[in-house]
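If you want the building blocks of each chain, they are given just below.
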Amino acid sequence: MPDWDLRDKACIVGVGSTAYGVFPETDAVGLGVEALRAAVEDAGISFDDIDGVILNRLPYDRFAEVANLQTPYLIPTEAHGRFSAIALMMAVEALATGRATTIALVYGNDGRSSKMKYGGGAGFWAPWGFTSPGASHAMMFRRHMAKFGTTSEDLAHVAVAFRDHATKNPAAVMQKPITVEDHQNSRFVCDPLHLLDYCLINDGGVAWIMTTADRAKDMKQKPVYVSGYARQDDFSQNSYPADDFWYPALQKVAAQIYGRAGVTREDIDGLMIYDNFSPTVLFALEGMGFCKQGEGGAFVRDGTLQLGKGRWPTNTSGGHLSESYMQGWALIAEGVRQLRGGQVPPERQIPDAKALQFLLATPVAASIILRND
Amino acid sequence: MSYVKPLPEEDKWSGPFFEAARDEKLVAQRCAATGKFFFPPAPVSPFTRDTNWSWAELSGRGTIASFVIMHQKYFPGFGDEVPYPVIEVELEEGVRLISNIVELGDRSLEVGMPVRVVFQKATEDFTLPLFRPD
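Each protein sequence line maps, in turn, to chains A and B. Read left to right, the first sequence gives residues 1 to 373 (our numbering). Read left to right, the second sequence gives residues 1001 to 1134 (our numbering).
Certain hints may be false.
Below, in silico cross-link-like pairs of lysine-lysine (DSBU-like), each with a Cα-Cα straight-line distance of 35 Å or less [claimed, not checked]:
hint	chain 1	residue 1	chain 2	residue 2
1	A	117	A	222
2	B	1012	A	117
3	A	115	B	1005
4	A	147	B	1005
5	A	115	A	176
6	B	1005	B	1121
7	B	1036	B	1012
8	B	1073	A	115
9	A	9	A	354
10	A	147	B	1025
11	A	222	A	354
12	A	222	A	252
13	A	176	A	309
14	A	9	A	292
15	A	117	B	1073
16	A	168	A	117
17	B	1036	B	1025
18	A	168	A	292
19	A	292	B	1036
20	A	9	A	252
21	A	252	A	309
22	A	252	B	1036
23	B	1073	A	176
24	A	147	A	309
25	A	117	A	220
26	B	1073	A	147
27	A	147	A	292
28	A	222	A	168
29	B	1005	A	117
30	B	1036	A	147
31	A	292	A	220
32	A	117	A	252
33	B	1012	A	115
34	A	354	A	252
35	A	354	A	176
36	B	1121	B	1012
37	B	1012	A	176
For the record, the hints were derived by calculation from the structure and aren't laboratory data. Predicted, not measured: the structure shown is a model, and the values here were computed from it.
Taking the hints into account, I'd like the entire structure generated from these sequences.
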């Protein structure tokens, strides 16, 4: 039995997104429905065609009530951004097994206007003043600095590249160009991480419509195939900053993903890297084998991730650091638009993009390869 | 003056850790079958998935595995102290603790610095394990 039988079996045929910002006039459900309406229209389907729903960060029962989605298949997922990848994988499996034919995947977030706090409050390490995902990543990055000689300035190159992309994205929350010096001069939130190493909490919604490859052939948009994916969890350090940067788990994913997708790394035209904090980008690149472990800092210098400059244009929308923290969902939407061609401003288009790879460095290590042919 | 920093969340698993700290002892659970320590406190050993574990005292010695300087005011009780350092200590027995450094003097924090536990009474009920250079 082959180790992988899901290559190119499912497609993303619709994507939709709201504006990103502060929208106290609505809420996560409202934003999710707005994104879903856009995705339904983008896919050229009707709401009646949807027979499966996978939700992220949304109250499932209220969402189904408000969006008026009465289906035989609805699955809610937890608020963590890792569920962007997990949701997509679940949809592929549900489509392949015939549990559903047309799945709406919806993300809604009103974290900014609801003043969602990442840090403070209860927690095992709170008595020692340690809190927030950013601080945990700062702790990991200090270890990386000590072990490999990586520097804060290395991270600046990640932030600068993504911001450059955001200047070409009217939807991006931050569009003012920044320099390495701007990054270095931005205030510390948790030393060694500066403000410009952090993602942008905003309100917004993103939705994808997925269906089988057979159905996708005759639909409105050029289909984007899910060619392969792989996932390896490691929750063994869930209560700590991971001391291994999730490297072993990511290596396992790297060993599987290309064979499953039927491509080599050299076939990949661009990347979407889950950038909750800039160090995660280095951890992902190292773990997925784009460079050796410890060399991520040197790897991202000189515009390697920058469109028009480097070999690996990454987060062409600006990503979580400069577009908005839509927890992976908007990164995938950007990837779909890139692969369709002609749906982003020409200066933001990855020339002749055929294959893009999504990288996720978290306790759920995962990768997804999307293709258009 | 009342203590304004966050207090530990003592529950049935972490309770003995904080009880021991009141007696100025640093303890962790040790898996009987493997002899390995594990932390934070849990109902079963992650190595055997069973309840065959017991509390055992740690040497209190370790090294700084990493550290950060918190600049953001997340807790009112720490508000006046920002920026303040937080250290990740890898203890000789293999378990890690997130804690604070005391008695640093004019030394600067460094990964690899040897440290030893000290205890600071926070309230009548809570004593926190902290670390000083060893």
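Against the structure, the hints:
1. Using a Cα cut-off of 35 Å, the hinted pair residue 117 of chain A and residue 222 of chain A is violated, with the two alpha carbons roughly 39 Å apart.
2. Between residue 1012 of chain B and residue 117 of chain A the CA atoms are separated by roughly 27 Å; this keeps the pair inside 35 Å, and the hint holds.
3. Of the pairs offered as hints, the one joining residue 115 of chain A and residue 1005 of chain B holds, with about 22 Å between alpha carbons and a cut-off of 35 Å not exceeded.
4. At roughly 33 Å between alpha-carbon atoms, residue 147 of chain A and residue 1005 of chain B fall within 35 Å of each other, so this suggested pair holds.
5. About 24 Å separates the Cα atoms of residue 115 of chain A and residue 176 of chain A, which keeps this hinted pair within 35 Å; it holds.
6. As the CA atoms of residue 1005 of chain B and residue 1121 of chain B are separated by approximately 12 Å, the hinted pair is consistent with the 35 Å bound.
7. Our distance criterion of 35 Å between C-alpha atoms is met by residue 1036 of chain B and residue 1012 of chain B, whose separation comes to about 21 Å.
8. A hinted pair counts as satisfied when its Cα atoms are at most 35 Å apart, and residue 1073 of chain B with residue 115 of chain A qualifies at roughly 15 Å.
9. Of the pairs offered as hints, the one joining residue 9 of chain A and residue 354 of chain A holds, with about 17 Å between alpha carbons and a cut-off of 35 Å not exceeded.
10. Note on residue 147 of chain A and residue 1025 of chain B: the hinted pairing holds, with a Cα-Cα distance of about 32 Å set against a maximum of 35 Å.
11. Distance hint between residue 222 of chain A and residue 354 of chain A is fulfilled; the C-alpha atoms sit about 12 Å from each other, no more than 35 Å.
12. Between the alpha carbons of residue 222 of chain A and residue 252 of chain A the distance comes to roughly 32 Å, so the proposed pair stays at or under 35 Å and holds.
13. Of the supplied pair hints, the one linking residue 176 of chain A and residue 309 of chain A holds, its CA atoms being roughly 19 Å apart against a limit of 35 Å.
14. For the hint linking residue 9 of chain A to residue 292 of chain A, the alpha-carbon distance of about 32 Å falls within 35 Å, and the restraint holds.
15. With a C-alpha separation of about 12 Å, the suggested pair residue 117 of chain A and residue 1073 of chain B falls inside the 35 Å cut-off, and the hint holds.
16. Pair hint residue 168 of chain A plus residue 117 of chain A holds up; C-alpha atoms about 30 Å apart against a cutoff of 35 Å.
17. Using a Cα cut-off of 35 Å, the hinted pair residue 1036 of chain B and residue 1025 of chain B holds, with the two alpha carbons roughly 19 Å apart.
18. For the proposed pair residue 168 of chain A and residue 292 of chain A, the alpha carbon gap of about 31 Å is at most 35 Å, so the pair holds.
19. Using a Cα cut-off of 35 Å, the hinted pair residue 292 of chain A and residue 1036 of chain B holds, with the two alpha carbons roughly 32 Å apart.
20. Taken as a hint, the residue 9 of chain A and residue 252 of chain A pair is honoured in the structure, with Cα atoms around 23 Å apart against an allowance of 35 Å.
21. Of the supplied pair hints, the one linking residue 252 of chain A and residue 309 of chain A holds, its CA atoms being roughly 30 Å apart against a limit of 35 Å.
22. With a C-alpha separation of about 26 Å, the suggested pairing of residue 252 of chain A with residue 1036 of chain B holds against the 35 Å cut-off.
23. Between residue 1073 of chain B and residue 176 of chain A the alpha-carbon distance is near 27 Å, which keeps this suggested pair within the 35 Å criterion.
24. Distance check on the hinted pair: residue 147 of chain A and residue 309 of chain A sit about 29 Å apart at the alpha-carbon level, within 35 Å; holds.
25. As the CA atoms of residue 117 of chain A and residue 220 of chain A are separated by approximately 40 Å, the hinted pair breaks the 35 Å bound.
26. About 29 Å separates the Cα atoms of residue 1073 of chain B and residue 147 of chain A, which keeps this hinted pair within 35 Å; it holds.
27. Taken as a hint, the residue 147 of chain A and residue 292 of chain A pair is honoured in the structure, with Cα atoms around 14 Å apart against an allowance of 35 Å.
28. Note on residue 222 of chain A and residue 168 of chain A: the hinted pairing holds, with a Cα-Cα distance of about 23 Å set against a maximum of 35 Å.
29. Straight-line distance between C-alpha atoms of residue 1005 of chain B and residue 117 of chain A comes to about 18 Å, which keeps the hinted pair within the 35 Å bound.
30. For the hint pairing residue 1036 of chain B with residue 147 of chain A, the CA-to-CA distance comes to about 25 Å; that is within 35 Å, so the pair holds.
31. Taking the CA atoms of residue 292 of chain A and residue 220 of chain A, the gap is about 42 Å. The hint is violated against a cut of 35 Å.
32. Taken as a hint, the residue 117 of chain A and residue 252 of chain A pair is honoured in the structure, with Cα atoms around 33 Å apart against an allowance of 35 Å.
33. Annotation: proposed proximity of residue 1012 of chain B to residue 115 of chain A holds, straight-line Cα distance about 32 Å (limit 35 Å).
34. About 24 Å separates the Cα atoms of residue 354 of chain A and residue 252 of chain A, which keeps this hinted pair within 35 Å; it holds.
35. In summary, the hint linking residue 354 of chain A to residue 176 of chain A is supported, as the alpha carbons are separated by about 30 Å, within the 35 Å threshold.
36. About 21 Å separates the Cα atoms of residue 1121 of chain B and residue 1012 of chain B, which keeps this hinted pair within 35 Å; it holds.
37. Only pairs whose Cα atoms come within 35 Å are accepted, and residue 1012 of chain B paired with residue 176 of chain A is rejected, the gap being roughly 51 Å.
Of the hints listed earlier, those the structure fails to meet are numbers 1, 25, 31 and 37, in rising order.
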